Amino acid sequence: MIRTTITTEAFRPEAELNAFMESRGDHIGAIASFIGYCRTSSAAGTVKHLELDHYPVFTEREVARLADQIAERHSLDALLVIHRVGLIPARDPIVLVAAQNQHRAEAFAAVAEMMDYLKTDAPFWKRESGPDGARWIEPTAADYARRAEHAK
Amino acid sequence: MIRTTITTEAFRPEAELNAFMESRGDHIGAIASFIGYCRTSSAAGTVKHLELDHYPVFTEREVARLADQIAERHSLDALLVIHRVGLIPARDPIVLVAAQNQHRAEAFAAVAEMMDYLKTDAPFWKRESGPDGARWIEPTAADYARRAEHAK
Amino acid sequence: MTKLLFFGRARDAAGCSEMICDLPANVETVAELRSWLHQRDPELGSVLMARDIRVAADHTICVSEATSVRGASEIAFMPPMSGG
Amino acid sequence: MTKLLFFGRARDAAGCSEMICDLPANVETVAELRSWLHQRDPELGSVLMARDIRVAADHTICVSEATSVRGASEIAFMPPMSGG
Chain A
293 MIRTTITTEA
303 FRPEAELNAF
313 MESRGDHIGA
323 IASFIGYCRT
333 SSAAGTVKHL
343 ELDHYPVFTE
353 REVARLADQI
363 AERHSLDALL
373 VIHRVGLIPA
383 RDPIVLVAAQ
393 NQHRAEAFAA
403 VAEMMDYLKT
413 DAPFWKRESG
423 PDGARWIEPT
433 AADYARRAEH
443 AK
Chain B
293 MIRTTITTEA
303 FRPEAELNAF
313 MESRGDHIGA
323 IASFIGYCRT
333 SSAAGTVKHL
343 ELDHYPVFTE
353 REVARLADQI
363 AERHSLDALL
373 VIHRVGLIPA
383 RDPIVLVAAQ
393 NQHRAEAFAA
403 VAEMMDYLKT
413 DAPFWKRESG
423 PDGARWIEPT
433 AADYARRAEH
443 AK
Chain C
315 MTKLLFFGRA
325 RDAAGCSEMI
335 CDLPANVETV
345 AELRSWLHQR
355 DPELGSVLMA
365 RDIRVAADHT
375 ICVSEATSVR
385 GASEIAFMPP
395 MSGG
Chain D
315 MTKLLFFGRA
325 RDAAGCSEMI
335 CDLPANVETV
345 AELRSWLHQR
355 DPELGSVLMA
365 RDIRVAADHT
375 ICVSEATSVR
385 GASEIAFMPP
395 MSGG
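Protein chains in written order, with my numbering: chain A, 293 to 444; chain B, 293 to 444; chain C, 315 to 398; chain D, 315 to 398.
Calculated from the structure, these hints are not laboratory results.
As the structure is a prediction and not an experimental result, all values here were calculated from the model.
There may be inaccurate statements among the hints.
Interface residues of chain B toward chain D, partial, derived using beta-carbon atoms under 10 angstroms [what the hints assert, rightly or not]:
(1) H346
(2) F350
(3) D360
(4) E364
(5) R365
(6) W417
(7) D435
Cβ-Cβ distance ranges computed for the label pairs, FRET-style [stated by the list, open to error]:
(8) D:D372 x A:L379: 53 to 63 angstroms
(9) A:T300 x C:E388: 12 to 22 angstroms
(10) C:M333 x B:D384: 27 to 37 angstroms
(11) A:M293 x B:T300: 12 to 22 angstroms
(12) C:E388 x A:R304: 42 to 52 angstroms
(13) A:M293 x D:W350: 57 to 67 angstroms
Think of the CB as a built atom: it goes at the ideal place given N, C-alpha and C, for glycine as much as any other residue.
Please take these sequences and the hints and turn them into a complete structure.
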């Protein structure tokens, strides 16, 4: 099962992961997961909050399309993607990705690839606000390099 | 903080992960994790349970040593490794690995490497029991190949 | 009438997230749309001329500057994306 | 007295997980230990002769067949390890 959610609401990765674990079939040997949090500081200094813009309908469709591609490429039994948008206070979770497969290699690869796609290919725009104002965060060269390693 | 536990008791990865998430510092941007389960079937057929042998004291020391190496190599803020031993019924969790870092790449790499080490370098011996009897599971060529990719 | 949408730093430059315009008949391609906006508002236009700001017409990313945007009801200006 | 420990398929071959032995004076190295066990019990010995079964003396893995096990109080026979 593939589930992708774009939400302006705070979410609890613990609860989501628990449900994802519970839902697994008997043949599942591996669950890999990743949680991304809003840090309280970045290269640019203190962060009070992030603001994540998205393009309603288009963003949902693109994230679902990327998730389908990755689930198929890695023969996943289940893939969960939750991405928060809007105003995100420091320390809050931003994104959760989790994958189920019989074997670990596919589960790991799927989660890492989904994150790499989200960083560079999914229609989100991220602005960091601190005491010195706000600035847009765009992908780094390292983000693009990691993304380029995956098959199209 | 690095915590490694070898236990004959069943454990709840949900609860362990929750506590691990709660414990994170404000600068943590990434938590990657992996859970390995005892599958109800394998290449050899139906699995009733696994039996994991370990070498008391030596196994604990080796797992702690590998965890230290990986935490240092990837500048982790925290690394959690829980590995069950003894008789493990099908569907039960066997292993949980989770890592915290400011950034995702290091967290992912640490969890994947720790799992690769556990598969080939940590003193565990695994026997699968099904209706046709029991057989020892030793690392596959793919396991050794993945292991070889990591720096010593 | 065409709705223009601005995201990320394009939104800052536009000072708004959307704008309803009547595109003139001679605006056919992505390149022409950028030029037209640049004439109307040099400050916004100079941001939107950057090729790293991609254009999507009715939810489809325009593959080149020569792609037609004619007849689109919604055109989005999208700087480099970054989620996660 | 030396305690020998057997893991994985070495345990199956030994039929027990540990054994207390008096190693004779001429058993000095890993290779000599394997040979001695092979003489005593050809079935167990033939399993333990396999080089993919590593030997640890007092919690230290013996790096070669020529490594001394003399004086060790605990010697473990460890087939390829596999956790996770």
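Evaluation of the provided hints:
Hint status for H346 of chain B: holds, given a least beta-carbon distance of 8 angstroms to chain D, under 10 angstroms. At about 5 angstroms, the closest approach between the beta carbon of F350 of chain B and any beta carbon in chain D falls short of 10 angstroms, and the interface hint on this residue holds. Proximity of D360 of chain B to chain D is violated relative to the hint, the smallest CB-CB distance being about 17 angstroms (cut-off 10 angstroms). The beta carbon of E364 of chain B comes no nearer than 21 angstroms to any beta carbon in chain D, farther than 10 angstroms, and the hint placing it at the interface is violated.
Look at R365 of chain B: its Cβ only gets to about 19 angstroms from chain D, farther than 10 angstroms, so that hint breaks. The criterion of a C-beta within 10 angstroms of any C-beta in chain D is met by W417 of chain B, whose closest approach is roughly 3 angstroms, and the hint holds. For D435 of chain B, the suggested interface contact is upheld, since its CB lies about 7 angstroms from the closest CB of chain D, less than 10 angstroms. Taking 53 to 63 angstroms as the suggested C-beta distance range, the pair D372 of chain D and L379 of chain A conforms, at roughly 60 angstroms.
A C-beta distance of roughly 21 angstroms is found between T300 of chain A and E388 of chain C, which places it inside the suggested range of 12 to 22 angstroms. Here the CB-CB span from M333 of chain C to D384 of chain B is close to 58 angstroms, at odds with the stated 27 to 37 angstroms. Separated by about 34 angstroms at the C-beta atoms, M293 of chain A and T300 of chain B break the suggested range of 12 to 22 angstroms. About 34 angstroms separates the C-beta atoms of E388 of chain C and R304 of chain A, a value inconsistent with the hinted range of 42 to 52 angstroms.
In this structure the supplied range 57 to 67 angstroms holds for M293 of chain A paired with W350 of chain D, their Cβ-Cβ distance being about 58 angstroms.
Consistency with the previously given hints fails for numbers 3, 4, 5, 10, 11 and 12, ordered from lowest to highest.
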